[in-house]
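Following the hints, complete the assembly by docking chains C, S and H onto the known chain E.
Protein chains: 4
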Amino acid sequence: MIDGCPALLPLSRDVIQRELDRRKPGGGGASTTRNETDQCEILSGVFEGQTLGTPIAIIIRNTAHNSADYDHLKDIFRPGHADWCWEAKFGIRDHRGGGRSSARETAGRVAAGAVAKALLARSGISVQAWVSEIGGISAPHPSESSFDFEEAERNSLRVPCAAAAQEIAALIEQLRAEQDSIGGVVNCRVLNLVPGLGEPVFDKLDALLAQALLSVGAAKGIEFGSGFDAARSRGSENNDRPCTQDNNAGGMAGGISTGNTLEFRVAFKAVPSIAREQETRDRSGAIRSLHVQGRHDVCVCPRAVPVVEAMTALVLADLMLQNRSARIAP
Amino acid sequence: MIDGCPALLPLSRDVIQRELDRRKPGGGGASTTRNETDQCEILSGVFEGQTLGTPIAIIIRNTAHNSADYDHLKDIFRPGHADWCWEAKFGIRDHRGGGRSSARETAGRVAAGAVAKALLARSGISVQAWVSEIGGISAPHPSESSFDFEEAERNSLRVPCAAAAQEIAALIEQLRAEQDSIGGVVNCRVLNLVPGLGEPVFDKLDALLAQALLSVGAAKGIEFGSGFDAARSRGSENNDRPCTQDNNAGGMAGGISTGNTLEFRVAFKAVPSIAREQETRDRSGAIRSLHVQGRHDVCVCPRAVPVVEAMTALVLADLMLQNRSARIAP
Amino acid sequence: MIDGCPALLPLSRDVIQRELDRRKPGGGGASTTRNETDQCEILSGVFEGQTLGTPIAIIIRNTAHNSADYDHLKDIFRPGHADWCWEAKFGIRDHRGGGRSSARETAGRVAAGAVAKALLARSGISVQAWVSEIGGISAPHPSESSFDFEEAERNSLRVPCAAAAQEIAALIEQLRAEQDSIGGVVNCRVLNLVPGLGEPVFDKLDALLAQALLSVGAAKGIEFGSGFDAARSRGSENNDRPCTQDNNAGGMAGGISTGNTLEFRVAFKAVPSIAREQETRDRSGAIRSLHVQGRHDVCVCPRAVPVVEAMTALVLADLMLQNRSARIAP
Amino acid sequence: MIDGCPALLPLSRDVIQRELDRRKPGGGGASTTRNETDQCEILSGVFEGQTLGTPIAIIIRNTAHNSADYDHLKDIFRPGHADWCWEAKFGIRDHRGGGRSSARETAGRVAAGAVAKALLARSGISVQAWVSEIGGISAPHPSESSFDFEEAERNSLRVPCAAAAQEIAALIEQLRAEQDSIGGVVNCRVLNLVPGLGEPVFDKLDALLAQALLSVGAAKGIEFGSGFDAARSRGSENNDRPCTQDNNAGGMAGGISTGNTLEFRVAFKAVPSIAREQETRDRSGAIRSLHVQGRHDVCVCPRAVPVVEAMTALVLADLMLQNRSARIAP
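Protein chains in written order, with numbering that gives the first Met the number 0: chain E, 0 to 329; chain C, 0 to 329; chain S, 0 to 329; chain H, 0 to 329.
Same shape as in the complex, but just chain E (with noise of 0.2 Å):
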């Protein structure tokens, strides 16, 4: 359900299908070779190929679904999930996959991520994500010349550089063969964002970031700009002069947009669901030994390339819109 669109945005279904399709397995990648055909449907909210200014309702069915894949999970909790932190909040859980918590909640959020690029399409703002890192291997950065945005898409791990994607996808494949999974980095960037946008104390615009992406399940960290390593830099380094392309702040000052190009970068764990035997607890507290059953990705990362563009592409739209009212007194 995404609220506060505003109207006479032309939008149809294949706009969005195109972006849940960007989060569907790869096939011989990092992921799941589950068939997840996940067709949207939009319910509401849309009118001869326009938006009505009205909530749009988009469904998205769970063809691929068989509860009795998960049975042997009803009294028994997976390490590294929330299985039991669920129970101890709502004394009930619905086993069959994880309910809320499992990853296939992130494709409503591509759904509606795929409103709010066109969106922000109209003002030639692009949000990009990339995999910059799996399991220690890294991907070149943006300034390096070996950096390749288009290369990521092409290649099923989003990896914005062909040598570092094929020593990646040997990694996979080894860690698949350990029943192991990895964890790794996505980068984001966002170009020609327009400086204002952000609010001078709680919600700045890292603020609401931060919590847009923190709340995409595996997501362990996150930092703007230069980030951790600023921790670690002078004042004299770290300091960017105003109106010119210096960018150790990520794009922001004070927690408002400079129009410089929005960075950040998200770490993911390893996606706690492996094949291998784990130890432990079912609901007696009794200690227990866990084969983890179905096909799961290796790393979430390749997938949580859309999901981590969506986030951002939904706060950026949200502020846009606030922001023309925001400014100036009529």
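In short, the hints are calculated from the structure, not lab data.
Remember, identical chains collapse to one label, so a pair may be satisfied in a single copy or spanning two.
Derived lysine to any residue pairs resembling SDA-like cross-links, with alpha carbons at most 20 Å apart: (1) 23 / 150; (2) 73 / 49; (3) 73 / 290; (4) 73 / 292; (5) 73 / 240; (6) 73 / 43; (7) 73 / 46; (8) 73 / 47.
Just chains C, S and H now, with coordinates in the frame of chain E:
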């Protein structure tokens, strides 16, 4: 203005003033030697030593402020500050110290946090932050024997190890002599937290903390548990077993607290106001040379410690109050 | 989409369908004879007969809808409807039945209200509405012996008195013959409400109910307790003595519930869609004559009864959930 | 604390003080003769005569207040007041004048409303309220020739007709002699409002105004346009033709403003504090006799006039700021 605090919480001006005093410049340490008395007055919401359940208004007057100190900044934009994008956003700017983008703004956060900490203390929950790294010099981790939390409250640098504090103090003095500044990292842990805090999708515990902490000026990144290191780890290493002391996830799973110690780290950039001459731009776009006047902190981290605690306590107190009602139908 | 319902509330599709059936056209009464089946399907949030604590999505497909019925309204604005100002606001309008300004929109409110009523019922609280007046013909007040609440559920006009219902039915038939419509008043009372609901300033109990009830289409006014009559009363007559059954204030004081019966009345205007020919304007501003096609209710009030109950239950359930946490510090 | 006011609005303390002076007791009229000076001070958000776009804090100190006047109310609950249910909610109560349930609380609303009125004035929109009825004596409607809005600002009763004002003044004096109080009705209209304000479902224009106005203490009902009279009208009479001056609906349709004059009426109950001896209850539940001390208004309506204007202006200014962005995609 603090809204949402329940009635009948014992509260005095002293409880708030004590936290404000922890935020004051330490004198010989990393901080400015400006005299900020920061005396608070409670205007409403407390009656005969107890909260009324209605909003608590607290006022802290800025007595040390001298507007004339800032006259040289009227038409010039400071490097590393929000002066320029503030004008881009609002078309107007109070140049006398940065207005709401001034670090003084954190005094209000600390005052509100004192109330939140008092509320959490009634459930036995304590929020503890310390400086874990400045300019690449690290303090020990709580898992190391040389970690001494009480030491962090004894030295003005808030470093939990006397030897590391001494080494960092020497670096600070050197940077002060060089008219420069430096970044650092603040760690935070929460003891005795209840399980079940945080919502499954957008309002995950880490997402809410990330917004709260990144809304602090100069914060450039946050990581939970093993954080960016988790991005380099395998699932077989990084997965926490439920109902054990395993804690790579930092006290949460799926955005919901587990009851284990909550742990995260916040990166702060170097203080942008340095005495050294810097190149910058004025309102006309012309290149200008600037000496930022006044006495500024060399490193923001020691004084950020109570701010990090305050923001953490505010998020947790809010979730505690919501949680009792959210869990189980009457 | 219902967010905020706690976990472990027993809930089935039947509980919701029963309320939707109360909203259906009554057949021979004041209502349309269109066939609206309004069958609901629960998509999420309920597991093995209990709520999960996560959002409950319910879908009600509009099977009776025939878009061609509305083709004559494409370029014309109906009198008494929002067609014109909708276009002024959004620049686009779905002319097929009014979109979100259609009375069908209340089906979602009734479905959500069924969940809220189930929640309140667990605390012994019941919300009861009835038609108290149509076209100047009044039903008796609960303080009168001829008031019979069960009768209101027996007759399709929802009038709590068989004699008054008969008189009103005759008026409805006469108006239907004259191709006209009529307004009326719906009364609502809440039994066994707890004291202490509502906030002291902006979120007073009556303020929240007023927003909720005036958000129902065709509602034009609301009054609490003695309401507009209170405007003609003296303090010596109108003041309720605390902790007594005095109830001129309608079960609240200073915006907070007292624990006495909550009482208010909502005025509804006549249904604007009448079969009679009316003068109106088209998109070019030209005067046009319009026969609104289709079968429409003569009076909205009987079908508004479950909607009034639903909105009331939603406000109260929300306050009940907040209230437990708001009252006293842990 | 006013949040959301855009930058660059010319604003001085005088603009706010002028509205606060309109709320002051009139001296010989229906009002108390207590001396409330209500001098305001702007603490933040305004710089060199213009708003900064950041929150505007205004403080009004209560200089006339003498706590000892209220000592006799410590253990007793006043009839018609919120004393009892306040204790039921919070378990604690500031008995010195009612705290946030005091009518003094409206001073803050009027100060904030002054800013909203200044903002609306820049779009040519004016909000005008007056006393239309006290104790059954009515002032003329704007459609009648004897209606004189400027007269309402001349007499201390805010009645738009000198003859009616005189008649009401006599009633007020009689009630004061009888140590009693009386209710009344305040009308409000908004001239030159733009079409398109308000949202289609829950945030209808009338719903938002209803919440805002019923949040004013002593308000017991609201009706829009022909209001409760519409409940007795036929569709053929009550339907407004689009794009005409027809205005039974009070300037809105489907919850969205039409651009016609916005019109509504608010019913206020009699002031509950009367000098006459009243029966009541104390904290132990015992019956007690009470003389409420101090000088209180006989009728709240004249002083409610600027409060009604303020709440209306706040709702409309907020919608105006949102509306510019909501309408059409960039």
